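Modelling step: build the complete structure from the supplied sequences, incorporating the hints.
Those sequence lines, one after another, are chains A and B.
Residue 1 is where the first sequence starts when you use the numbering used here, and the numbers rise one by one after that.
Residue 526 is where the second sequence starts when you use the numbering used here, and the numbers rise one by one after that.
Simulated from the structure, these hints should not be mistaken for lab results.
Incorrect hints may appear among the rest.
Computed cross-link-like contacts, DMTMM-like style, restricted to lysine to aspartate or glutamate with a CA-CA straight-line distance of at most 25 Å [to be verified]:
#	chain 1	residue 1	chain 2	residue 2
1	A	326	A	313
2	A	326	B	632
3	A	326	B	631
4	A	346	A	336
5	A	292	A	241
6	A	292	A	18
7	A	292	A	374
8	A	346	B	619
9	A	326	B	619
10	A	292	A	308
11	A	326	A	462
12	A	346	A	462
Keep in mind it's a predicted model, so treat the numbers as computed, not measured.
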Amino acid sequence: MSTQPVVLLNGDATSPSDVLGHKGHGIDVMRRNGLPVPPAFCITADVGARYRAEPEATIDAIWTDVLDGLRTLESATSRTFGRGQHPLLVSVRSGAAVSMPGMMDTLLDLGFSDAVEDALTLERTAEFASDTRRRFSSWYQRIVAAPPPDDPYLQLRAAIEAVFASWDSPRAVAYRTHHGLDDRGGTAAVVQAMVFGNINADSGAGVVFSRNPMTGANAEFGEWLPGGQGDDVVSGTLDVEPIAALRSRLPGVYSELIDAARSLERLAGDVQEIEFTIEDGTLWLLQTRAAKRSAQAAVRLALQLHDDGLIDEAETLRRVTPAHVKALLQPSLQPETRLIAALLAKGLPAGPGIASGRAYSEVDAAIAAADRGEDVILVRNHTSPDDIHGMLVARGIVTETGGATSHAAVVSRELGCPAVVGCGSGVTEALTGNLVTVDGNAGEVREGTLPLSAWSEDNTPELRELAEIARRVSPLRAHAGGDYPRLDRHSEAAVRTALASGQCDVVSASPLLAMLEAIRLSEVS
Amino acid sequence: MTDLAVLQGVRLKGRVSRADLATTLGEDPGEVVDDLTRSGLLADGPTLRLTPEGRGRLDELLTAERSNVDLAAISAAYNDFRAVNTEFKALVTDWQVRHGQPNTHDDSEYDAAVLARLDGVHQRITPIVAAAAAQLPRLGRYSTKLQTALDNVHTGDTIWLSRPLIDSYHTVWFELHEELIIAAGLTRETEDG
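Set out below in structure tokens:
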């Protein structure tokens, strides 16, 4: 465990990501490989954990180190924090060992006073200075729950404390419970020199994936917002452009970004999701992490990375879980189908499953339509107990208001009915009368009646290829046919028994699932 | 049995058979239902439903009922309800969902821990219903219905926690929620779903 409370992320930080947090670790990796990353330092997760027990004393004890860190950012940027003709603004970001997207707090554009705003007005424009200060003040109020003091050092201290405290925010606690993550420890805090996407038309912010994490296609995927800051992209409230739009607007920056994405992918041996900002035509990378992906993409990307020589056969099989394969064998909305249908509404996934039908907003009309044999989607502002008969005849349920524990959510799950809740006002009117598909897994409503399909171990080329690899790696070779003993189930117990009795070749209805189980068992033991 | 109790009983169920209506009201409302049907306030059929006139009449009766209550007392009861409501809804969700997947109910320890929380919820809701019933005696019936659902859950019949269409704990709870919103002179549109 590192005893150093503050670590410079200059490419030489040797600590692992449970000390630096995944964000700090990613920044250090990018710096080490010569990629353009704004200078940053990290207050370790150990400090974050200590803060939870003794807030005041912990911050007091590290404050000199924080100021030293700030001095290195000043000299690296030739700017000065809280004063001078070229003021330095910083971001303060949370970053736990395991990424918890959007669950903890982050503060951008920190370091403002009246004098700083004046200096930025002279250096850039009055519009930029006031827009950036407005962003800062509203972030600060939201995170610290008080108006920002005029002293940038007090702002910095309060922001660091808010980031540490956000480890215990209800949504972060719920996220860890939900994903079975450890509640002990704390978050690291990364302090980084700001770069600005809100300067001019040759600026902006976005996120890029080194390959498509939905379909698994070997093509860059992502979006960006010209003239925006990172939080604008994540919030989803503004109209972002596909990443291809960046290629036509700033071809040089685009190719530098794609080269960086490919290079980070090679370094990590995995598909990356990268946050970036373009400041007046210059590219800056802010964060990189392994991309979250669909089951389809998990299989396709593992095979591609193997073909590209980035991972070996054993690792290829580790990248695909039995849960991925089981999901693929169920009829589902394939990502290729989903992405070409217009997105009509987005909310919280409250009841799993996919359903298509015509949208009705009145219970009586819904019941009458169902009696005529129509597939009905019930769309309401919210549901009440007396809507139950409409919910009973519906294939899918959509609401404008309410969360994951709302009446609509609870009843949909009881009925086994796909549901998306909390889609926002106006959705009822927009959907009523149309044929729509409710995706209760993704939390989306899309246009039209979309077909479901499933992969199969026999007929889907990707799964056959994976099974070929598995037969070379697995201690138990499972075949679709042949003169071998029969493995009736692919459960852990059945596979364990087969291995213990010394069997090497078996016949199974799900050879791939049986082998993934066998490989997992042999790696655990 | 009053017209108000019957009309509100039908309204909360949307559509309801005579037998189920008798169950939820705790006694057979036969003659009242016949009268309300004859006067066009209820539509009869395989199930009973409110007619538009019935809904109008119900609103009048609820307004009249509300005019006799101490609004501060009923609002206080509703506020207390909202605090327990969050806890109860989280409990039901934990019963249905685990690690983001439907709860398969194969971990009896987990299920028992979730169900154990229902006793705490019930202890907190009982005085709230009593306080509301001191203003609107009709609401006292919810205490009995919650107790019945709880007893069924205790005997291991866990469908009585959240199954729709029967007077499960969640069904009764949500009808009580509706009653308190109306009694406090509020609407669902302004309240959290």
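Among all the numbered hints in the text so far, which are the ones the structure does not match?
-> Per hint list: 7 and 12 violated.
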